[in-house]
Every structure is written in structure tokens, then in C-alpha cells.
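> Sequence:
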Amino acid sequence: MTGGGFSVSAPPGVEFEAKITPIVIISCIMAATGGLMFGYDVGISGGVTSMDDFLGEFFPSVLRRKQQDKESNYCKYDDQGLQLFTSSLYLAGLTATFFASYTTRRLGRRLTMLIAGVFFIVGVIFNGAAQNLAMLIVGRILLGCGVGFANQAVPLFLSEIAPTRIRGGLNILFQLNVTIGILFANLVNYGTSKIHPWGWRLSLSLAGIPAGLLTLGALFVTDTPNSLIERGHLDEGKAVLKRIRGTDNVEPEFNEIVEASRIAQEVKHPFRNLLQRRNRPQLVIAVLLQIFQQFTGINAIMFYAPVLFNTLGFKNDASLYSAVITGAVNVLSTLVSVYSVDKVGRRVLLLEAGVQMFFSQVVVAIVLGIKVTDKSDNLGSGWAILVVVMICTYVAAFAWSWGPLGWLIPSETFPLETRSAGQSVTVCVNLVFTFLIAQAFLSMLCHLKFAIFIFFSAWVLVMSIFVLFFLPETKNVPIEEMTEKVWKQHWFWKRFMDDDHHRIANGNGNGKHDASV
Numbered sequence: 017m018t019g020g021g022f023s024v025s026a027p028p029g030v031e032f033e034a035k036i037t038p039i040v041i042i043s044c045i046m047a048a049t050g051g052l053m054f055g056y057d058v059g060i061s062g063g064v065t066s067m068d069d070f071l072g073e074f075f076p077s078v079l080r081r082k083q084q085d086k087e088s089n090y091c092k093y094d095d096q097g098l099q100l101f102t103s104s105l106y107l108a109g110l111t112a113t114f115f116a117s118y119t120t121r122r123l124g125r126r127l128t129m130l131i132a133g134v135f136f137i138v139g140v141i142f143n144g145a146a147q148n149l150a151m152l153i154v155g156r157i158l159l160g161c162g163v164g165f166a167n168q169a170v171p172l173f174l175s176e177i178a179p180t181r182i183r184g185g186l187n188i189l190f191q192l193n194v195t196i197g198i199l200f201a202n203l204v205n206y207g208t209s210k211i212h213p214w215g216w217r218l219s220l221s222l223a224g225i226p227a228g229l230l231t232l233g234a235l236f237v238t239d240t241p242n243s244l245i246e247r248g249h250l251d252e253g254k255a256v257l258k259r260i261r262g263t264d265n266v267e268p269e270f271n272e273i274v275e276a277s278r279i280a281q282e283v284k285h286p287f288r289n290l291l292q293r294r295n296r297p298q299l300v301i302a303v304l305l306q307i308f309q310q311f312t313g314i315n316a317i318m319f320y321a322p323v324l325f326n327t328l329g330f331k332n333d334a335s336l337y338s339a340v341i342t343g344a345v346n347v348l349s350t351l352v353s354v355y356s357v358d359k360v361g362r363r364v365l366l367l368e369a370g371v372q373m374f375f376s377q378v379v380v381a382i383v384l385g386i387k388v389t390d391k392s393d394n395l396g397s398g399w400a401i402l403v404v405v406m407i408c409t410y411v412a413a414f415a416w417s418w419g420p421l422g423w424l425i426p427s428e429t430f431p432l433e434t435r436s437a438g439q440s441v442t443v444c445v446n447l448v449f450t451f452l453i454a455q456a457f458l459s460m461l462c463h464l465k466f467a468i469f470i471f472f473s474a475w476v477l478v479m480s481i482f483v484l485f486f487l488p489e490t491k492n493v494p495i496e497e498m499t500e501k502v503w504k505q506h507w508f509w510k511r512f513m514d515d516d517h518h519r520i521a522n523g524n525g526n527g528k529h530d531a532s533v
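Each residue of the sequence shown is one higher than the one before, counting from 17 in my numbering.
No lab work stands behind these hints: they were computed from the structure. Careful: at least some of the hints might be erroneous.
As the list claims (entries may be wrong) - With a straight-line cut-off of 20 angstroms between C-alpha atoms, the simulated SDA-like cross-links for lysine to any residue are:
no.	residue 1	residue 2
1	Lys258	Gln455
2	Lys254	Asn289
3	Lys258	Ile279
4	Lys82	His463
5	Lys510	Phe482
6	Lys258	Glu489
7	Lys35	Arg296
8	Lys359	Ile341
9	Lys491	Tyr355
10	Lys82	Gly361
11	Lys465	Thr37
12	Lys465	Trp475
13	Lys92	Lys501
14	Lys92	Leu464
15	Lys501	Thr238
16	Lys491	Trp475
17	Lys258	Val274
18	Lys501	Val274
19	Lys465	Lys359
20	Lys504	Lys254
21	Lys284	Phe270
22	Lys258	Asn289
23	Lys465	Ser480
24	Lys465	Ser66
25	Lys501	Glu489
26	Lys510	Leu299
27	Lys504	Val478
28	Lys465	Phe482
29	Lys254	Glu275
30	Lys254	Ile225
31	Lys491	Thr389
32	Lys501	Asp390
33	Lys387	Glu368
34	Lys82	Gln99
35	Lys387	Ile42
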């Protein structure tokens, strides 16, 4: 999710000396609060839009449909304005990405995180004090700008400050905080739903806590050595490198960063380079992973959770049980990914999760197709327990696979000369499809009904087949060696590397390491 930067790995057979120092741990925890803010913004909208006080204030027609009980169970919330409240955040995030790409490179990772924090705080003030729909949407747009800046700077900050051997796990710390933010938002919504008529204002205002943490964190953490060196502050960069690695023996890594920075600055047209044939495998995989991540159907499952728990007899406590159980499963399963991603690898997690998600969605679709009609949503406790178990099975699979890995894999596959452009494209594609799903989901639910689960399960099947045949394993492969060890060894993608041989020999290549191909 980076805006414009690079991380370096040790040359083959060499490992840079690095301890896991307190400053690295503290910096990463503070930076990852950007994920907490993003998660809270994502989680809070679903609960707030189901509160009668909020609907009465901004969407009275939706409230009337909900209370009259004449509308299909699947169509009560089908309103474009209501969907815009959720989706405007992602559209603003998409726009902000282009500016964040510049600030990450020119001003540094730390200042970009500070800008994100300021956007978050102002957006929270607008939302908490909203008097009309326009004010509400402006607040969401400002939050979206914060998301655009944070999603660029934070993962880049984490990958650059972390020692290579724990890079994958620390990068997933951002995704872990997203899930914690969602859980926190759901618990807040449960509490504030009982406060009339201003509970929704409290829900939206409490986003100020993670916003404040991110802003404070950005004020006190140090910028990354990579960022400082990239901007010409070599002495300061070396001093920071010694501090975060806990050793004075940083010369090899320092020289590697200086060289990587020099090569990166020689690249004049990164987006043009990205379209060259030899860079096509990374681009195709990065774009498809973002599309697939949104078409897993995680929104459908999360939307249904309160209704399904309600049928178990929890009544008014349905939201709490829904939030605690699915939210806790989400957080714990992301921890599985942090632990296992650098051990079992990316492909194993994605393929196993594909089977798990496909099976659970098909079961949910069958049960709802048989038991839930337009007017009746009484499953009976036996069937409801089965569906709840399937929901938890699905959420667990997503949380240790497509959730974090959809971001991690693109961040480690692009070569140095196209890394900045490639990561910007990755973020943009993700936000475009997140916006489309958020804007269209409630309407799709109304028209497809239970078949929406069949729709998403078909996509899960497609993406699992893609992973099986076209996604190479990148576990423990240094970024600089991806071309030789991954792309040139893959049955399909190697043709893009071999074909580029003649053009590089004739002087059309850009990468230093490509010249010897």
C-alpha cells in the first residue's frame, strides 16, 4: 500500500545484523494505529446506519420502510444515499492516494502519517456534529482522505523499519489493527444504540481516539532510514538505522539502502516501466488480488451477522453477540496469519482459505434459500446455529488469507524500479472496487436475495483456481531476487521474462540487475 519507496534485503547468503529493538516495536505499534482508525471507520458505519435515531435524522424514508415491515427482508436498506454514506469514504481515499504518493516520497513517511491523522480528526468533528446529510458526507470524505494517506504511509513505514526476517509478520500488524478497529466499533455501536437520541453522534465521535493516537504517534516516531536517505539526509539516516537495529554494524545495510535509493531516483517514468512486458506478471497479480479481495463477499457475511444472531433468541443483544463473536474470530484469525505467513507461506494460506470460504458460503446460501423468505426470517435455533458456525468459519478463513495477504503479496513482488508506481496502482484498484461493492451491495442484496452468497462463492472458486495455477510462492525470497528465483522459474510467467531478454540486451531495460539477464 505504499506511495513511493523501497525496502532492501541482504545479498544472497548474507543477513544484515539487526536486533528487534524496543524502538522498532513502539514505532510499529504507533504506526499501526492507522489500521485501527481505518477499521473503526469501516465498522462504525454498519452499526450507525441501523440506528433508528440516525435514520430518522438523515434517511427518514429508510426508517419508514424498516418500521412498516411491508418491504422484503432483503430490501429494507436499499437506498443510494445510505450507500453513499458508506462508500464516499473509499472514493475520497482513492483521490487522496495520488497526493499521498507524492508526500510519502517528498516529505517522508512520518509527515504523511501526521497529515492522515489531521484529516481523521477534522473528519471526526464534522461527523460527530453533523446537522444535515451534506455535513455528514463531507465528514466521511475527510475520513476517506485520511485513509488514503494512512494506507500509503503506514505499511511502507512498517516494511522499512522492520528487520527482514519479520517483515511479513509486522506488515500484517496493520491488518490486525484493522480487525481490532472493526471489533471496537461494533462494541461501541452496541453501547451507543441504547442512548437516545444522540447515541450515533457518540459512535462517530469516538473515532477521535484512534485518530488522536495516530497523530500523537506520528509526532513522536522517527522517520525511516530509507525515507531520510531517499531525501538526501544520509548522516541522519545512518544514525536512525543504528538506533532501530540496535547495533553499530549497519554499514552493509546502509550501503544497500543508498544504492537502492540511487537506482530508484534514476527511474524517470515508473508508470511507463510498469506497462513493459517484463513487469506484466507483477502488475496482473497485484490488480487481480485487489479485485478478488473485494469479491470474497466479506461485506455480505458481516451485513447478515446481526439478523442471524437475532434468530438465535438474543433479541436486543444480537448486535453485541454478533460483534463479539465475529469480531473476535476476525482478530484471532489475523493473529494466525501473523504467526504462519513466514512459516507455511502465502499460497498454502490462500488455497486452504479458498476451500473453507467456498464451503461455508454455499452452506449459508442453501440454508437461507430454504428457510428465509421475503417476509419471514425465522430460521429456528438449529439452523441458526449452523449458519453462525459457517459465518465464523468464513470470517476466520478470510482473516488469515485474503484480508492481509491481498496487501502483503503486491508489496513484496514489484521490482525496485516500478515499486512506487505498482503500489499506487494496487491501492487505487482496491479502493475503486471497495467503493463499487459498498455502493452496490445493498441493491445487490435486494435483487439477488440469498443467491448473493452463490455469487460470491463462485468468485471464491475463480480466485482459488488463479492462486493454484498463477500465483508463485514469495515466502523468504528477497525482493531483489524475485525475478531470478520466482518469475523465471514459474511455468507461465517465465515467458514474459525470457521474451524481454533481447530488449534489455539492446538497452531498453531499466533495472541494474536486469542488465545481466
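> Hints first: check each against the structure and report whether it holds.
Against the structure, the hints come out as follows:
no.: 1; hint: Lys258 - Gln455; in the structure: 47 angstroms, violated
no.: 2; hint: Lys254 - Asn289; in the structure: 30 angstroms, violated
no.: 3; hint: Lys258 - Ile279; in the structure: 23 angstroms, violated
no.: 4; hint: Lys82 - His463; in the structure: 17 angstroms, holds
no.: 5; hint: Lys510 - Phe482; in the structure: 16 angstroms, holds
no.: 6; hint: Lys258 - Glu489; in the structure: 32 angstroms, violated
no.: 7; hint: Lys35 - Arg296; in the structure: 36 angstroms, violated
no.: 8; hint: Lys359 - Ile341; in the structure: 27 angstroms, violated
no.: 9; hint: Lys491 - Tyr355; in the structure: 13 angstroms, holds
no.: 10; hint: Lys82 - Gly361; in the structure: 46 angstroms, violated
no.: 11; hint: Lys465 - Thr37; in the structure: 52 angstroms, violated
no.: 12; hint: Lys465 - Trp475; in the structure: 17 angstroms, holds
no.: 13; hint: Lys92 - Lys501; in the structure: 53 angstroms, violated
no.: 14; hint: Lys92 - Leu464; in the structure: 14 angstroms, holds
no.: 15; hint: Lys501 - Thr238; in the structure: 34 angstroms, violated
no.: 16; hint: Lys491 - Trp475; in the structure: 25 angstroms, violated
no.: 17; hint: Lys258 - Val274; in the structure: 15 angstroms, holds
no.: 18; hint: Lys501 - Val274; in the structure: 24 angstroms, violated
no.: 19; hint: Lys465 - Lys359; in the structure: 40 angstroms, violated
no.: 20; hint: Lys504 - Lys254; in the structure: 35 angstroms, violated
no.: 21; hint: Lys284 - Phe270; in the structure: 24 angstroms, violated
no.: 22; hint: Lys258 - Asn289; in the structure: 34 angstroms, violated
no.: 23; hint: Lys465 - Ser480; in the structure: 24 angstroms, violated
no.: 24; hint: Lys465 - Ser66; in the structure: 19 angstroms, holds
no.: 25; hint: Lys501 - Glu489; in the structure: 10 angstroms, holds
no.: 26; hint: Lys510 - Leu299; in the structure: 14 angstroms, holds
no.: 27; hint: Lys504 - Val478; in the structure: 25 angstroms, violated
no.: 28; hint: Lys465 - Phe482; in the structure: 27 angstroms, violated
no.: 29; hint: Lys254 - Glu275; in the structure: 14 angstroms, holds
no.: 30; hint: Lys254 - Ile225; in the structure: 34 angstroms, violated
no.: 31; hint: Lys491 - Thr389; in the structure: 46 angstroms, violated
no.: 32; hint: Lys501 - Asp390; in the structure: 54 angstroms, violated
no.: 33; hint: Lys387 - Glu368; in the structure: 29 angstroms, violated
no.: 34; hint: Lys82 - Gln99; in the structure: 16 angstroms, holds
no.: 35; hint: Lys387 - Ile42; in the structure: 50 angstroms, violated
Violated hints, listed in ascending order, are 1, 2, 3, 6, 7, 8, 10, 11, 13, 15, 16, 18, 19, 20, 21, 22, 23, 27, 28, 30, 31, 32, 33, 35; each of the other numbered hints is respected by the structure.
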